[in-house]
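S.K.: Chain by chain, the residues run as shown.
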Amino acid sequence: MPNEHRLILKHADQAGYTPDIECYQRHGGYEALRKALATPARELPDGKKQTPQEVVRDEVLKSGLRGRGGAGFSAGLKWSFVDRKSGKPIYLVCNADESEPGTFKDRQIIHKDPHQLVEGMIISCWANDVRLAYIYIRGEMPHGARLLNQALSEARAKGFLGKNILGTGYDLEIHVHRGAGAYICGEETGLIESLEGKRAYPRIKPPYFPAVLGLYMSPTIVNNVETLCAVRHIVTMGAGEYARLGTPNNTGTRIVSLSGDVVRPGYFEIEVGKATIGELIFDPNFGGGLKPGRKLKAIIPGGSSSKVLKAGEKFRLKRKGADGQMVQVETDLLDLPYDFDSLQQAGTMSGSGAIIVMDDTRDMVDALANLSEFYAHESCGQCTPCREGALWLAKGLERLSHGGGRSEDAEYLLHIAQNIQGRTICAFGEAAAWPVLSFVKKFKDDFVARGKADEEARARGVVPAHHH
Amino acid sequence: MTKVVDRSPLTFYERTYLPAILEGIKVTARHFARTVKGDNTAKDLSGGYYPETPWKVSEGYRGAPYLVRDQDGATKCVSCQLCEFVCPPKAIKITPPGPDGPGADRSNAEKMPREFEINMLRCIFCGLCQEVCPEEAIFLQRDYSLTGLSREEMVYNKEKLLRLGGVHAGVQKWKHKAEEAFAQETFPVKAG
Amino acid sequence: MSNAVTNAPAAPSPVEKIRVKVDGREIEVPKTMPDWQGKPQPTTMLQACKLAGVEVPHYCYHPKLPVAGNCRMCLVEFSTPMMDPATRKPVVNEDGSPKMARSVLPYEPQTPRGAIACATPISPGMEIHASSPATKQMREAVLESLLINHPLDCPICDQAGECKLQEYSVQHGQAASRFVEAKVHKPKAVDLGPRIMLDDERCVLCTRCIRFTRDIAGDDALGIVNRGSYNTIASAPGRSFDNNYTLNTVDLCPVGALTSKDFRFKMRVWFLKETPSVCTSCSTGCNITVGSREGVVHRYEPRENDAVNGPWMCDSGRLNYRWIQRPDRLDTVKLRGAPSDWAAATSAVVSLLRGAPKGSVAFVASARQTTEELWLVSRIARQLGALTDSVPREGEADRLLVSADKNPNSQGSRLTGVSFTEMGVTIPEIARGIEAGRIRTLVVLGEDVTKGGIDAALLARLENLVVADILPSPTSEAAHVLLPGCAHAEKRGTFVNGKGRVQRFQKAIEPRGEARAEWEWLQEVAVALGAVEPSRSIEGLFNRMAADVPALAGLEWARLGDQGVSVPV
Amino acid sequence: MSFKVPPQLEAQLDELATHYPQKRSASLMFLHALQEHFGHVSREAVEWTAGKLGLQPINVHELVTFYPMFRREPLGRTHVKVCRTLSCALAGSASLRRHFIEKLGLNPSLHGPQTTPDGAFTVEFVECLASCGTAPVVMVNDDLVEKCTTSDCDRVVASGRGKGGTR
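Protein chains in written order, with this note's numbering: chain A, 1282 to 1749; chain B, 0 to 191; chain C, 16 to 584; chain D, 178 to 344.
Isolated chain A (complex conformation) (with noise of 0.2 Å):
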């Protein structure tokens, strides 16, 4: 039976753990930063030199680190793209913006842990030779950001942050900046505009990849919560230590929020891959399975923007067999382990690592309805596909949901989707399409079902009943 694997939230929720520094130093806090700090340089066998910054960004690379926040992108590759000869500072942005529907992981670290995440920044920031970073948290998260204020503050006076870290002649700042509810500002580079002090207007790349031309047209590195904890870990641990938690490819750990019909909704930290989608929500060690009486109905796998899967779905994931040969194996929805790779082989994808659940009394028209209505809010409006697209969604799925529904209105709503997806700026088009494409082609038959109701309730002149 899988368990938790607690690695970053090991203390969060342990009696008597409180979020200041004393109380982290006691845990073993700031321990890694005094390590990376003395990371020695060293000779590769062809030769060649590295700086104890370079030895830190190798480690943080062959850990097999990938993004915690959605894409999945391996970190060290990240930190590799940055323009280090530029003669422009490099900036460090912690993106703390968890706005995804269905995740809550960041906010345990900042409520609970927050020393946590100001050391996996120094460390980070020292490793890409960062003199000014901030942590961009959403708006709506006051306390979070008070607690990391005062995080910084303390770290300031035991001289972790500031001038001449630790004696080693390293400065840096770190500074919480608040963000002000709007979704968008969890793409790094509406991000970074937002930062600047304007709308969070994604950048079109190319030319603003932000490794190049990031916050102020300098090299910028964003990174989420999570991931920047993980490599106070990979320090701790080693690279090598590390990459022996999770699964080849899907290192290390992460946490799964777990929200929806489930008797025990709540985070959990795993061994990437290391639980299956079933046992997270049915293992009494997980979300503990599903109210009496119901029977699961779809999942969404990775916040609101992956693709949805349905219960009963077969999935052919590639998997090494017995004799080393990649083979196909027929997968059921339940046994997907949960990682990057298998749910991406499934047309999804693990996201921000947020599972949402909806049993069999759920209706998919309506459950869509609502996700749409929030891309439609969260939409910022600056290319056309999306800003006319998102809109265009939800109207059509809340006439659909309100009782004004055609039979034609799953091609209709494919339709427009189709046209957001890969015609944006950044990723929020595929974010606003894919829930409305994952749902009206695997629940089609409940879409025209639902739109034929309404038609022939018109034609018998009935006002439709679930009209509000």
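Calculated from the structure, these hints are not laboratory results.
Don't take every hint at face value.
Pairs of lysine-lysine, DSS-like flavour, derived with a Cα cap of 27 Å [what the hints assert, rightly or not]:
1. C:179 / C:114
2. D:200 / A:1369
3. C:46 / B:172
4. A:1316 / A:1329
Partner residues aside, some chain A positions facing chain D, computed with beta carbon under 10 Å [as the list claims (entries may be wrong)]:
5. 1367
6. 1370
7. 1387
8. 1456
9. 1458
10. 1459
11. 1476
12. 1482
13. 1485
14. 1488
15. 1496
16. 1581
17. 1661
Okay, the calculated bits of chain C under chain A, using three or more residues with CB under 8 Å as the criterion [claimed, not checked]:
18. 158 to 164
19. 243 to 250
20. 295 to 304
21. 383 to 390
Think of the CB as a built atom: it goes at the ideal place given N, C-alpha and C, for glycine as much as any other residue.
For this one, chain A is given, so just place chains B, C and D on it according to the hints.
M.R.: Showing chains B, C and D alone in chain A's frame:
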């Protein structure tokens, strides 16, 4: 396909034109007889006693173009000047309202012509103005008997065109827009 | 200031070329091309397509504005040579041609993916499928999106006829809309500033206006307010959008969102005859297009000329056209106050000049007259030994286009020798000459000299006052011979702008009443006096002048083109 | 009402502006601070911020209208934000909102934020508050009420009625 028209030379009698003249006298005599008997109403279109008996025009007859109002009494024309552009004999002359002209008599149609003139002496009743009109504001109506004592009198102005045109109860798209905007309550629309 | 206005570029240094294919046709394009500021940047797909003669539709892109990439209209499908990930070598087909990889969605490899042509740099061997079915579908979809909340009120929209939404709908759109929801209704007839009216419903949020006013005009006055589908262009509450360049946003606006209050509901653009001309409000000489119908000028619009004004012009110049239609225009030839005709008036002028003793005649010819006219004045004056000058007109300059010299042809006046470097220095001398009775005949073209140093009392001392002008003034009131003149829109000719750009302008409308282009009677007088050989047309006159004036040596009317030619000044 | 930023707050804001290499970056933090102090971001606050940061008023006005947390009108003393998004919706947030609305005598069919006539409460639906594991959640001013029940709602209303003064 070529149709061959009979052009055989006239006979001697035909060349005297007497048979045709006699035929004409016969028709006249018949009508004379009917008039005397008091039975002079025309039974068919071609033989009416115009102007005593007005010509009964068929459905879809293309007479003079007039402007129409909508069912609320508002001028439908928005001075887009497409009819002026398309008019083959250049019979239409529109004076747009300009920046400080009067607004439309419907709140959100924004404009209507300051003056709209059709020179009925030039008009060839072709119907292109009606066809091109995006507002269903001008229609060829069933008037064919246009008379006047001067050229000036034959230039119909906006007021006259609207008076002659009457009401056309069509889709009131500007009104519909206004209603839709009103139903939206506020701008920007608040989420919820 | 931006580099919107640049002089003709110096001989370009050789730029590396790369080969790309546009719609299957291979072309060679420079690796870098000038961006909106003229700085070399990697050539974009859109620029490459343009060089290949393939039009890529767009709304937000404008060659003289920073790239925004938000309208998505220029999405195109493309292929790049396939690379072997291991060897980093191109993969080749059996026939040796490079194997191409079509751009596809990473998560849906069967679905083509577009790139915005306005911002995506080309790479060697790239193939741009500017008219492939996938590209067409993307355009169709973007247009559909732009139209769902658009009011479709073309009949009342001033932009109709020059609207990109209309044009692209015809070229790339669908006949029917699938949209069955209620449209978003945004503010209409928003009073954005003294010259601009905004209809937010028509706006496609391309942000050209915002970028123009921020990055070109230097007045960060516009922005987008609200969010998502409710986004609207606005100025800050209580702030008026009123800099001297606001009307350029009307030209830039690809749709009918920003319209000119001056032109509002005045005339449908398809009736307008477009005549290339030059603005006369200052010595910058912005190139303009005069829009007129049936003898009435309805608007000026800037005409792009990178050597002068780029694609812009100032509001004050643009709106300075109403005087052409003033009801009090001089439109009758008068001799000693009585209506006359051109034959009588011209022969009167000839005879009084012919009989005049040397030094008894002076000319004040406005630097608003054409170069040809000024040259004729100078030739006649030389024949008569007469003093000549123009009246200087100074005002405020700005850092973009407006120059302090408010005469459109000061340089023409100087080059032809009518005035000296310091314009107006001779006028006091002329005044003294009249005072002393030495000067008994004064010929004035296009000036009210009572405001320029020769007052009414002095004019009254003259034996002969010949005045050619457009509008009445105390000087024209005092004229013994009054010759109604033409506005620039009513004749042809050239102006030489402050930087020495010789620019020709064409006739847009017929002159008012008996008014006649000044060069016509000036030439008759000059020929009669033996000062010049006759030319039958403005072309001939210009060429004759160019042969005579050293600074214009070698120029020909035909060579001036619509963009003019620079001469040293 | 004249707009006056107290010196203490101004000093705090001046310090905030030093956190960024470019002053414009501080605009969100300025607006947060001004909203906390004045209860909403007025036009004067926008102009003041613009002047302070060397911006044009439109630059700040753009932000106030983009970020939903900024309010251009005064709100109720107790600001109730009910999470509307999926996990909370599954846990019954629509009935929570209706409970608040009915309890406070507001209009259930109206969308958008509503304030009680006495200025005591503002109730609105907001998008995901990132606490989906404890759905449904409601934010009351700065505090999160997790696994919110109707009796929690009643408690919020009762304690909000107790508060006097204006924000």
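S.K.: All hints are to be evaluated individually against the structure, with a verdict given for each.
M.R.: These are the hints, each one checked on the structure:
{"no.": "1", "hint": "C:179 / C:114", "result": "violated, 37 Å"}
{"no.": "2", "hint": "D:200 / A:1369", "result": "holds, 18 Å"}
{"no.": "3", "hint": "C:46 / B:172", "result": "violated, 52 Å"}
{"no.": "4", "hint": "A:1316 / A:1329", "result": "holds, 23 Å"}
{"no.": "5", "hint": "1367", "result": "violated, 15 Å"}
{"no.": "6", "hint": "1370", "result": "holds, 8 Å"}
{"no.": "7", "hint": "1387", "result": "holds, 8 Å"}
{"no.": "8", "hint": "1456", "result": "holds, 4 Å"}
{"no.": "9", "hint": "1458", "result": "holds, 7 Å"}
{"no.": "10", "hint": "1459", "result": "holds, 6 Å"}
{"no.": "11", "hint": "1476", "result": "holds, 6 Å"}
{"no.": "12", "hint": "1482", "result": "holds, 9 Å"}
{"no.": "13", "hint": "1485", "result": "violated, 19 Å"}
{"no.": "14", "hint": "1488", "result": "violated, 20 Å"}
{"no.": "15", "hint": "1496", "result": "holds, 9 Å"}
{"no.": "16", "hint": "1581", "result": "holds, 8 Å"}
{"no.": "17", "hint": "1661", "result": "holds, 8 Å"}
{"no.": "18", "hint": "158 to 164", "result": "holds (count 5)"}
{"no.": "19", "hint": "243 to 250", "result": "holds (count 4)"}
{"no.": "20", "hint": "295 to 304", "result": "violated (count 0)"}
{"no.": "21", "hint": "383 to 390", "result": "violated (count 0)"}
Checked against the numbered hints listed earlier, the structure breaks hints 1, 3, 5, 13, 14, 20 and 21; every other hint is satisfied.
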